[in-house]
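Novice: Listed here are the chains, written in short residue letters.
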Amino acid sequence: GESVGLHLPTLSVQEGDNSIINCAYSNSASDYFIWYKQESGKGPQFIIDIRSNMDKRQGQRVTVLLNKTVKHLSLQIAATQPGDSAVYFCAENMKGDYKLSFGAGTTVTVRA
Amino acid sequence: EAGVTQFPSHSVIEKGQTVTLRCDPISGHDNLYWYRRVMGKEIKFLLHFVKESKQDESGMPNNRFLAERTGGTYSTLKVQPAELEDSGVYFCASSQGDPGTYEQYFGPGTRLTVT
Chain A
24 GESVGLHLPT LSVQEGDNSI INCAYSNSAS DYFIWYKQES GKGPQFIIDI
74 RSNMDKRQGQ RVTVLLNKTV KHLSLQIAAT QPGDSAVYFC AENMKGDYKL
124 SFGAGTTVTV RA
Chain B
8 EAGVTQFPSH SVIEKGQTVT LRCDPISGHD NLYWYRRVMG KEIKFLLHFV
58 KESKQDESGM PNNRFLAERT GGTYSTLKVQ PAELEDSGVY FCASSQGDPG
108 TYEQYFGPGT RLTVT
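Protein sequences appear in the order of chains A and B.
Residues 24 to 135 in our numbering are what the first sequence spells out, letter by letter.
Residues 8 to 122 in our numbering are what the second sequence spells out, letter by letter.
Please keep in mind that the hints were generated in silico from the structure rather than gathered at the bench.
Treat the hints with caution; some may be incorrect.
Taking lysine-lysine pairs in the DSS-like style, the calculated list, with each CA pair at most 25 Å apart, reads [said to hold, decoys possible]:
hint : chain 1 : residue 1 : chain 2 : residue 2
1    : A       : Lys118    : B       : Lys61
2    : A       : Lys65     : B       : Lys48
3    : B       : Lys22     : B       : Lys58
4    : B       : Lys22     : B       : Lys85
5    : B       : Lys85     : B       : Lys58
6    : A       : Lys94     : B       : Lys51
7    : B       : Lys85     : A       : Lys91
8    : A       : Lys91     : B       : Lys51
9    : B       : Lys61     : A       : Lys94
Computed footprint of chain B on chain A; a stretch qualifies when at least three of its residues, placed anywhere within it, have a C-beta under 8 Å from a C-beta of chain B [claimed, not checked]:
hint : region
10   : 60 to 66
11   : 95 to 108
12   : 120 to 126
Residues of chain B placed beyond 10 Å of chain A at every Cβ, according to the derived structure [said to hold, decoys possible]:
hint : residue
13   : Val11
14   : Phe14
15   : Glu21
16   : Asp31
17   : Lys51
18   : Asp63
19   : Thr77
20   : Gln87
21   : Leu91
22   : Ala100
23   : Thr120
Since we're looking at a predicted model, the values are computed, not measured.
In this text, a Cβ means the ideal position worked out from N, Cα and C, and glycines have one as well.
Bound conformation, chain A alone (with noise of 0.2 Å):
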């Protein structure tokens, strides 16, 4: 599979390969982190979510990752199929606060 160390905007993947997105955060205040999915023509689509008192949690065929001490959120698909192309934005909410705050998105392409 393919990583991206730093957030980049695209990633390309292949068919069957494993993907992982990075998001860096900003507030040390967030306490509870979510990642979406959009796809062309619709709105952000809730994957999955993980509070700042776990580094892990699991889903079906993703798995979101959160490292505090570094502030930095990934978001990991297994056997990446056609319908995963779409773009993915991270999220934080502080404690306490209603407001999402997103990343920039990162465009994911599966190669056939």
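Starting from the known structure of chain A, arrange chain B on it as the hints suggest.
Specialist: For chain B alone, kept in the frame of chain A given last:
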């Protein structure tokens, strides 16, 4: 269950004109949010309603933007007069519950182009 809906899906207007965007949240969701994505950059928060009250409007760019949520149901976002830099995709989201325990459900967005 119907999701968040937004109208129109696209709007093209000239600089100086007025545009009104509408959002219908998921039924029963007290929290309604407006966000904006400009020029492929990050999605930025504009404001948050709890029922009909503005809870947080810290993200509103200037007084050309006016949001309302009459009766605590649907919301409108009016831009008057529109400027070129207002072009972007405006998203509405809704949620129920306390922050950090909820999921914000997003609508498909309204793409606004100001020429």
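Novice: Would you mind marking each hint as holding or not holding in the structure?
Specialist: Cross-check of the supplied hints:
no.: 1; hint: A:Lys118 - B:Lys61; result: 19 Å, holds
no.: 2; hint: A:Lys65 - B:Lys48; result: 16 Å, holds
no.: 3; hint: B:Lys22 - B:Lys58; result: 32 Å, violated
no.: 4; hint: B:Lys22 - B:Lys85; result: 14 Å, holds
no.: 5; hint: B:Lys85 - B:Lys58; result: 18 Å, holds
no.: 6; hint: A:Lys94 - B:Lys51; result: 20 Å, holds
no.: 7; hint: B:Lys85 - A:Lys91; result: 39 Å, violated
no.: 8; hint: A:Lys91 - B:Lys51; result: 23 Å, holds
no.: 9; hint: B:Lys61 - A:Lys94; result: 31 Å, violated
no.: 10; hint: 60 to 66; result: holds (count 3)
no.: 11; hint: 95 to 108; result: violated (count 0)
no.: 12; hint: 120 to 126; result: holds (count 7)
no.: 13; hint: Val11; result: 7 Å, violated
no.: 14; hint: Phe14; result: 13 Å, holds
no.: 15; hint: Glu21; result: 25 Å, holds
no.: 16; hint: Asp31; result: 13 Å, holds
no.: 17; hint: Lys51; result: 7 Å, violated
no.: 18; hint: Asp63; result: 6 Å, violated
no.: 19; hint: Thr77; result: 20 Å, holds
no.: 20; hint: Gln87; result: 24 Å, holds
no.: 21; hint: Leu91; result: 22 Å, holds
no.: 22; hint: Ala100; result: 8 Å, violated
no.: 23; hint: Thr120; result: 15 Å, holds
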